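Student: Spelled out from the first residue to the last, the chains are:
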Amino acid sequence: MDLAGAYEGILFDVAGGFTLLLLMTAGVVCIVWDIFSNDDPVLPVLAAMTCVVAAGWEVRGLDAGSSTAFYDLIRAYGLTSYINITLLISALVSIVLSVPYLNRIRRGYGEVYALILFATAGAVMLASANSLVTVFVGLETMSIALYILVGLVRQGGGGIESALKYFLLGAFSTGFFLYGIALLYGATGTMILPDLAAGFEARGSMMLLFWAGVALFLVGFLFKVSAVPFHMWTPDVYQGAPTPLTGYMSTASKAAAFAALILVLYYGLGDLAATKWQTALAVVALVTMVGGNIFALVQNNVKRMLAYSSVAHAGYVLVALVAGTGEGYAGAAYYLLIYSFMNLGAFGVMALLEWDQKEGSEQTIDSLSGVGLRKPILGVVMTVFMFSLIGFPPFGGFFGKIAVFAPAIEAGFTWLVIVGVLASALSGYYYLRVLYVFWMRPQSWSAPQVQAHKFPVPSLSAAVLVACAVVLTVIGFVPVVRDLPMVYFDVAFTGGTP
Amino acid sequence: MPADFVPLLLMLVLATGLALTLLLAARWLGPRRANPVKVSTYESGMDPIGTARQRYSVKFYLVAMIFIIFDVEVVFLYPWAVSFQEFLAAGSGVGVLVVVTIFILVLAVGLLYDIKKGGLEFD
Amino acid sequence: MNPDLTILLIVLLPAAGAVLNGLLPLFWPRLRKHETVIGTVGTGMVAVPFVLTVVLFVQGYGDPHVATFYTWMGAGDFTVSVAYRVDHLSLIMALVVTGVGALIHLYSVGYMHGDRSYWKFFAYLNLFIFMMLNLVLADNLLVMFLGWEGVGLCSYLLIGFWYEDLKNSAAATKAFVVNRIGDFAFLLAMFILVREVGSLDFATIFAGAEAMSQGTISAVVLLLFIGATGKSAQIPLFVWLPDAMAGPTPVSALIHAATMVTSGLYLLARLSSLVLLAPTVMGVIALTGALTALVAATIAMAQTDIKRVLAYSTVSQLGFMFMATGVGAFFVAIFHVVTHAFFKACLFLGSGSVIHGMHEVEHSLRHKGYRGAFDPQDMRTMGGLKRFMPRTGRTYLMATLAISGIPLTAGFFSKDEILFKAFEFGLDGHAFAWIVWAVGLGTALLTAFYMTRSYMLTFEGAPRWPRADEVQPHESPWTITMPLVVLASLSLIGGFIGLPHLAEKIGLTNWIHGYLAGHEGHPGPVAEAATQTHVGMPAEVGLILLGSAIAVVGVWWSWRFFACHGLGGDALIQGRFKGLYRWWKRSYYWDEFYDRTVVRGVIGGAEHGLAPLDVRLVDGAVNAVAKAAQRISDCVRRLQTGVVQAYALAIVLGVIVVIALIVS
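Line by line, the protein sequences give chains A, B and C. Position one of the first sequence corresponds to residue 1 (the numbering used here), numbered consecutively onward. Position one of the second sequence corresponds to residue 1 (the numbering used here), numbered consecutively onward. Position one of the third sequence corresponds to residue 1 (the numbering used here), numbered consecutively onward.
These are computed hints drawn from the structure, not numbers from a lab. Be aware that a few hints might be false.
Lysine to aspartate or glutamate pairs mimicking DMTMM-like chemistry, simulated, CA-CA at most 25 Å apart [as the list claims (entries may be wrong)]:
(1) B:K116 to A:E161
(2) A:K276 to A:D366
(3) B:K117 to A:D39
(4) C:K627 to A:D366
All of these numbers come straight from a predicted model, not from anything done at the bench.
Construct the entire structure; sequences and hints are all you get.
Tutor: Structure, rendered in structure tokens:
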């Protein structure tokens, strides 16, 4: 390394890593602020503003070509900006939805917002990783912040159990992940993603070491995105965690892990014996789609059902990655954006409906009878979210599903797509069941139901949910959102006006 | 390249040797006056036989955890200090100093948080 | 102004009006009472696009200008864009839609005054204009279909606007269902075109038409025509239009007379060069049009509800337009669309003004303790309204003269041109055109007769409602009469845009022909059939005189007849035609026929054939699948024990599988 020029490019580096630095700084500021003014209501505002500013900065980077910063450790602009915007929207929505929720359950700690910022910083680092080290540090920063979040705002026994499970299994999978990184380093002699393939070729005979490393490395990601059979923590943790944070976990952490996986596959492995990892991912995608949907069928708690549904959605994204083409990666990025809106929305609606004493974690679907008629705004937006999750046109989920399935067909994985379509047809059953209960069951007047009348819908939360629903309704008709990721992979998109 | 690993080998030998030396030295040099507490397994007053579900104050773990965290973070400063001379010679000492200052500031914020939230008050 | 922006504004302003009028009062009920605001927004959002369309027109946007806004969907080579096409044809249609639309909005401000759902009415009406503009400005069939379905939806909403009355919602449902049959054919035509040409935009369709086989083209054109018979109320799908009069009168004027029902004609004119390649189907179109014109005209003879007379008259006039289409004179069809929009809108709005007045009569009667039956739309209780509503009476008369084809009125020029073109086509060796021509002549006579009848029964003679000396209606307010005056003037002078061929002798040209069909070497948007023979000058003069004579005779005869007999005239006609008259009166039992065959057939088949099948086979299969899935799910959920060690075990197993898959 040239020590003399070590800090000359720092300004460019700061610009490239601006979002990361801003989120970290804001997180530290929040912590310090909280020391002197405990649980100050300004903190969520500060955190939300940070996300808005960072998202604004990333919008600038959308058109720029992808470049690296900090000695090739992170990647900036282009696809990274696209994913970062997804992550920041997810954080912003979660923060806005959390404030009234946490205040209501008297857990409005100032640390929560700092931790959300740290988790988002970790997610951003993960999504802009250009080195195995960055992948690991980002993943851990994000995960540790999430472990604490789940445990910090626990309610009753469920929260602490899910926090512990999350931590134990997370640590377990991190072990595999780190071992995979070590093997990869051993087989290639480099940590920088784009150099992996060359390093592997240069060393020649490290076949077993390299592929075992890849396998373990993939397992770490598959755990984070909760693919079957690494998904078992998901329902327990999602059910026990405070609902707006569940929404955050199911979108931001998943999107970030997928983004890093895309970077690893595209830059790191490239065309290196693609069939090997394609087969493995295809098998995992298959069992994830089928398993997630079948598990979801019999759930009686909406949060748990949505947890399994998010497992299934991870399967759909994996289908796009299996294709191994630029269209596939771009489709996955597009799907993650749309998925974030619909899942945040669905969990957001559920967060506003926890009027029984059990705070949602054991609320049965039957206690939600007639909600649509009693709270029409929530009913209507939930309808949009559910239809979008099914993949029903004209909502965003439909266009997202096209974007993930079409590349797989082109790459010859028609059988996988057929299974995926059948599985998502199955999903209609449990999504529509929610709507059936919301709209068509008569309202029951049992004790917890009567409380529902005293249960206000905060206008800011309602506005955010309506905004999500509106975005989902129109996003399919804005082709630039779909075509943008294609550009990053040098894929010429068909049709479309310049 | 095997030559590169010679220091490592040396380190291994030294560490093992030192540990063995200390243990054996204690055996040879130390006076032995047995009493019931001393012959117990951990020589610390803790009874190894009996229920494992003994209650400790959670503060104990807290202090232990905080110690470990700051301990490990401080260890990071050693390699930095070693290479600081080289950076200084190459003319980018200020940059390196700024970076490590930020690192220490972050640690300081953690410590401050810890103190203010009462993490170090044992009772 | 940038033309693309202008086009965007033209299309989007009505949509904005619909959103404003629809959503704001929905969430803010206090707004619903502010009729002035709602009416102004509603009217303004159509008037401004009209002005913008006029600007485009005056600036002479003629050569097709396609404004593409974004790609709606794309799959492989097949893409559909939201693109609007401004050429002479769509400009004329857009002028009619926005111009007549704006007038009718203004009219509705007064007409709907005091209605509980005033805001909803304007929201629907604006939505309709938006959809209609999508239909006429579309650059491809799919966007056009979007508008086509959209206007159908608005029509449904507005026919059933007073849905508390079950009869009205039944009429709305009928209109919707009958239209679906036509829409289905339209869809099939689109599927064939996508398969054959691979695209739905007009330019590509025309370019690809040559490559298609004769049979395919005929199938496409026939299917499009079936689609058109639904929307434009032709035999066999015309039954919905008379019932559609259940909606508020401005709706009948705008949707069921001036604009929406002409979209079938517009579709055929838009694809005229395709239609010309299917001469057999053209014969079908012309004969269907002629038959519809005649059948509807005879039915109109025997109706006593003022709006039903106008409804059947609309069906009949639409038949005339299809006759023009069938003989390859597409520009004439569009010409008649324009003039018809003027006088039929005027007639409907006039009838609305009359109904408005008769409601007032009914109200006063009830107030004075009258308990008998009273139908404000029945011409038998009207009579002598000229005295009380002079402006309405005069404008109605002017429009009646126009539709009858009295020389130099708008209807005269367009109807004569249709008959002339049919004659010319017949000379060219197409035998069916002679039938069309003869039927057209006869129908023209009938038209003059029954339209004059409706005027005489309504406005002339003595008042026939109960206690006529005490209770009297008053002339409607200016928002109602002003559109009447404008439309009546247009029905008198609007025909001069399409002078007959003969006028070239004195140096005048047929403007609309040049505008739509283009000149030598510079074709316009509308194709026309090439004719070898040309009708000589003496024959042409003779035809014009014959047409004029028929109109004058019809009007004069009817005038004398009803002036002499009054309401008794109907009885005389009935005595004369006996059984036939009963068929007219009951619309040839067409509804009953459909009811006995199609409706009962479908319902019976569903009850006895499909329902058990549905319950046992379809539901059974679905339930079986659901039950199976549940059972599988119940089994596998036991894997989810909640014990963290088991989860870790699952992860280890997964790791082994993944390593095995990758390393092997």
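Student: All the hints need checking, so say for each whether the structure fits it.
Tutor: The hints, checked one at a time:
no., hint, result
1, B:K116 to A:E161, "violated (28 Å)"
2, A:K276 to A:D366, "violated (46 Å)"
3, B:K117 to A:D39, "holds (12 Å)"
4, C:K627 to A:D366, "holds (20 Å)"
Checked against the numbered hints above, the structure violates hints 1, 2; every other hint is satisfied.
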